[in-house]
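S.K.: Sequence:
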Amino acid sequence: MATFHPFPRLPVELRARIWEMTVEPRTVEIRLAHAAQPSICHLFSSTPVPATLQACHEARTHGLYQQAFSEIYYQVPSDGAEWRYVWLNLDIDMISIGQTSFFVFKSVAPTIKRLKFERENSDEGFYHWESSEIRDFVNVKEIHVVCADGMGAWHKATYEHYFPCGPENVFYIDPGGQMMRSIELDDMCDRELEESYRQDGYDYHSGLPLDDGDTAL
Numbered sequence: 001m002a003t004f005h006p007f008p009r010l011p012v013e014l015r016a017r018i019w020e021m022t023v024e025p026r027t028v029e030i031r032l033a034h035a036a037q038p039s040i041c042h043l044f045s046s047t048p049v050p051a052t053l054q055a056c057h058e059a060r061t062h063g064l065y066q067q068a069f070s071e072i073y074y075q076v077p078s079d080g081a082e083w084r085y086v087w088l089n090l091d092i093d094m095i096s097i098g099q100t101s102f103f104v105f106k107s108v109a110p111t112i113k114r115l116k117f118e119r120e121n122s123d124e125g126f127y128h129w130e131s132s133e134i135r136d137f138v139n140v141k142e143i144h145v146v147c148a149d150g151m152g153a154w155h156k157a158t159y160e161h162y163f164p165c166g167p168e169n170v171f172y173i174d175p176g177g178q179m180m181r182s183i184e185l186d187d188m189c190d191r192e193l194e195e196s197y198r199q200d201g202y203d204y205h206s207g208l209p210l211d212d213g214d215t216a217l
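Be aware that the sequence shown starts at 1, since it is given in the UniProt record's numbering, and climbs by one per residue.
For the record, the hints were derived by calculation from the structure and aren't laboratory data. One should not assume that every hint holds.
Here are the computed lysine-lysine pairs in the PhoX-like style, where the Cα-Cα straight-line distance is at most 25 Å [what the hints assert, rightly or not]:
{"#": "1", "residue 1": "106", "residue 2": "116"}
{"#": "2", "residue 1": "141", "residue 2": "106"}
{"#": "3", "residue 1": "113", "residue 2": "141"}
{"#": "4", "residue 1": "116", "residue 2": "141"}
{"#": "5", "residue 1": "156", "residue 2": "113"}
{"#": "6", "residue 1": "116", "residue 2": "156"}
{"#": "7", "residue 1": "141", "residue 2": "156"}
Each pair of labels, with its calculated beta carbon distance range [as the list claims (entries may be wrong)]:
{"#": "8", "residue 1": "199", "residue 2": "85", "range": "23 to 33 Å"}
{"#": "9", "residue 1": "49", "residue 2": "206", "range": "49 to 59 Å"}
{"#": "10", "residue 1": "66", "residue 2": "197", "range": "48 to 58 Å"}
{"#": "11", "residue 1": "153", "residue 2": "194", "range": "14 to 24 Å"}
{"#": "12", "residue 1": "203", "residue 2": "44", "range": "50 to 60 Å"}
{"#": "13", "residue 1": "33", "residue 2": "192", "range": "23 to 33 Å"}
{"#": "14", "residue 1": "31", "residue 2": "92", "range": "15 to 25 Å"}
{"#": "15", "residue 1": "194", "residue 2": "24", "range": "19 to 29 Å"}
{"#": "16", "residue 1": "149", "residue 2": "29", "range": "19 to 29 Å"}
{"#": "17", "residue 1": "179", "residue 2": "85", "range": "37 to 47 Å"}
Remember, it's a predicted structure, so these values are computed and weren't measured experimentally. The beta-carbon is built from N, C-alpha and C at its ideal position, and this holds for glycine as well.
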């Protein structure tokens, strides 16, 4: 791309607007990397720093992104490492934590507005205990769940677990990459179960036997 040499001579307001237009939603991968000492973990992100921040000092100081998550640690890095941070725009960036424990992000959970994680709803540890930690993300507006055990295992999960963003803003992603809103998955599974129960001669919701006329429909 050719360099626009007159750019520094543009009015400050126009330059600021141009920098703002470079900001786009990202999915930012964040993990903890273990140091030489097993008890010490450091923040790690495989997502590149936004190109805008590498353009010039003016872009870095315009406030498009913030140095975030330096609070995340397991132990003071006595191995001589510096505190780690990630450049984020917390209003629009999706924070993807993979299988990392929710507890790791407890100190920054209220700042996260878009969250992505991978879990198995069929895992007893998650189902009975860890799922309760989702409520720590009190300001989250959208949650994406990578369903490691398949979408079917997450039928009615928003009834079983509390999602601060509401079920209409929870999206499931199956191992193949297909995405579906939680309320759409629940509706699809409900209809499939209703039909299966009907064919067996029972009402799905009550569990009671159907009249012969209802079974024949």
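S.K.: Could you run down the list of hints and mark each one as holding or not?
M.R.: Going down the list of hints, with the structure as the test:
| no. | hint | result |
| --- | --- | --- |
| 1 | 106 x 116 | 15 Å, holds |
| 2 | 141 x 106 | 17 Å, holds |
| 3 | 113 x 141 | 5 Å, holds |
| 4 | 116 x 141 | 11 Å, holds |
| 5 | 156 x 113 | 23 Å, holds |
| 6 | 116 x 156 | 19 Å, holds |
| 7 | 141 x 156 | 19 Å, holds |
| 8 | 199 x 85: 23 to 33 Å | 57 Å, violated |
| 9 | 49 x 206: 49 to 59 Å | 57 Å, holds |
| 10 | 66 x 197: 48 to 58 Å | 52 Å, holds |
| 11 | 153 x 194: 14 to 24 Å | 19 Å, holds |
| 12 | 203 x 44: 50 to 60 Å | 52 Å, holds |
| 13 | 33 x 192: 23 to 33 Å | 42 Å, violated |
| 14 | 31 x 92: 15 to 25 Å | 21 Å, holds |
| 15 | 194 x 24: 19 to 29 Å | 42 Å, violated |
| 16 | 149 x 29: 19 to 29 Å | 21 Å, holds |
| 17 | 179 x 85: 37 to 47 Å | 30 Å, violated |
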